[in-house]
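Place chains E and Z on chain W using the hints.
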Amino acid sequence: MSDQRRDPHVLSRKIRISFPDDGISAVADLLEEDCPNTCEAIWHRLPLRVKAIHDIWSGHQVLAHLDNKFVLPPENVLTYLPIPGDIFYYYRPHNYFRGSPYGRSESAEIGIVYDRDTRPQGPRGPEAVSLFANISSSLEGFARACEDMIYRGQKDLLIEKLE
Amino acid sequence: MRKLLFELGGTRAVAEMHDDVVPKTCDAVWNVLPVEGMAIHANWSSREIMLHLHGENILRLPPEGPVRRGTTAPGDIVYFWRSPQMSRGKQLAYSSQFQRELSELAVFYGDPAGGGLAADDPARSGRDSNLQVATLFATIIDIPKEFAQKCEEVRHNGLQRLVVRRLERSA
Amino acid sequence: MTRVKITLGSAEAFAQLEEKDAPKATKWLKEMLPIERQAMHSMENGREVYVVLDASDRIEEENQTIYQTVGDLIVYYKPAIFVKPEWPRHIRDFLVIGFIYERDSAIRGMSGPLATNLVGKITEGIDALAREAPRMRREGFGKMRVSLALMNGSA
Chain W
7 MSDQRRDPHV
17 LSRKIRISFP
27 DDGISAVADL
37 LEEDCPNTCE
47 AIWHRLPLRV
57 KAIHDIWSGH
67 QVLAHLDNKF
77 VLPPENVLTY
87 LPIPGDIFYY
97 YRPHNYFRGS
107 PYGRSESAEI
117 GIVYDRDTRP
127 QGPRGPEAVS
137 LFANISSSLE
147 GFARACEDMI
157 YRGQKDLLIE
167 KLE
Chain E
14 MRKLLFELGG
24 TRAVAEMHDD
34 VVPKTCDAVW
44 NVLPVEGMAI
54 HANWSSREIM
64 LHLHGENILR
74 LPPEGPVRRG
84 TTAPGDIVYF
94 WRSPQMSRGK
104 QLAYSSQFQR
114 ELSELAVFYG
124 DPAGGGLAAD
134 DPARSGRDSN
144 LQVATLFATI
154 IDIPKEFAQK
164 CEEVRHNGLQ
174 RLVVRRLERS
184 A
Chain Z
11 MTRVKITLGS
21 AEAFAQLEEK
31 DAPKATKWLK
41 EMLPIERQAM
51 HSMENGREVY
61 VVLDASDRIE
71 EENQTIYQTV
81 GDLIVYYKPA
91 IFVKPEWPRH
101 IRDFLVIGFI
111 YERDSAIRGM
121 SGPLATNLVG
131 KITEGIDALA
141 REAPRMRREG
151 FGKMRVSLAL
161 MNGSA
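Chains as they are written, first to last, in my numbering: chain W, 7 to 169; chain E, 14 to 184; chain Z, 11 to 165.
Just to be clear, a hint being listed does not mean it is correct.
[Stated by the list, open to error] Below are the DSSO-like pairs computed for lysine-lysine, each with C-alpha atoms no more than 27 Å apart in a straight line:
#1 Z:Lys153 - E:Lys103
#2 W:Lys167 - E:Lys103
#3 E:Lys103 - Z:Lys131
Read the hints as simulated data drawn from the structure, not as lab findings.
Just chain W, same shape as in the assembly:
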């Protein structure tokens, strides 16, 4: 299934990402033409309810840890600067970073860039991430809820298929 390209005439699927405790949500387009395998793998995991935390290295970015066994190869790799609304998948193996940021040496993550002046990075500098979606509506309210996490800490994040 993941080897088949989707029919390009079918519009890309969408996901809804929300902070259920705040009643805030946004809609993102899956970048299926550029990142088909990652989009497919993520779609099949939905709905996902995870704890989101504010990143400490990258700027205006929040991240959620996934099951470490959810390992995907790189795809549609972004290494320079994202744009606000970009959503990516990221994996690092054990001992890649010095230390264990967020208490995890090995990590599979979803990252959400909610404003400009951001670059996905860690202790060794910029990191390559698989760019698989971009928020297409309601980014502004969602961004405020993300920024709020700097002061109030982690929040539940819900990612669902938008059928």
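Frame of chain W; chains E and Z shown alone:
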């Protein structure tokens, strides 16, 4: 050492292959020559023009030789390959067949060579080295001024035909 | 809020100047307009197109970031070696005005990221610029023009 001849808009440059250091890469490149195509100027690695290989000339070679961390010198001729996974988005400046997988010969013709954003890409190097290969396999002997000028013109004036040939020893 | 029009070949775009956050830089820029010069594509920063400006005044750091993004209209001093094939005898930086038209771009100096004055945001026409710039990489660069946009969009 085998030698290569680069011909660009009426100018020429000769490069010496590093047969002793990266023999397999040198053999693979030698075997597809001559190649030609429309060279485009780099936008991340400063003074570089690139020739994308296509069709039966596509080279998918494993890494060979000393590890390169993106450090490049003027005159370097680099074999570069990138798997489709490592490309992001659309490459509107490239021809349609070079959208995802890239197999190319990169000609670094002046200073800074490999400067710019390409020099700050630790994210791409290292761990996924099987998904991207950059092998230094030849060096231009005394970069001719006219050749360098012609390469610079590609940046302003657009694509220019580049031919890469074997420089056969005369009998 | 002042609007400017950016023309690159057949592409037209409009940008809002960041007058609140970059008052000195935008005042200076308005006095420089119209600007019409040979457009150049970045060799070092990714998806950037710029023109070199003649300006003897020193531009102050204002509304700066090293995280340039799509649609940014920026003013900064670019190391001369990225503009000219050789270092000029006495000049080490050129003042430029440019824009970013796609991801995978960031402004670099000789040894690291370069903070640039963010003077405007392109609000219309970025897609046209994002098609015209790659076309010019293939076919050659022409002039870029930056001018004040009148309320009805013409300039």
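Quick rundown of the hints versus the structure:
| no. | hint | verdict |
| --- | --- | --- |
| 1 | Z:Lys153 - E:Lys103 | 25 Å, holds |
| 2 | W:Lys167 - E:Lys103 | 26 Å, holds |
| 3 | E:Lys103 - Z:Lys131 | 23 Å, holds |
In summary, the structure agrees with every hint in the numbered list given earlier.
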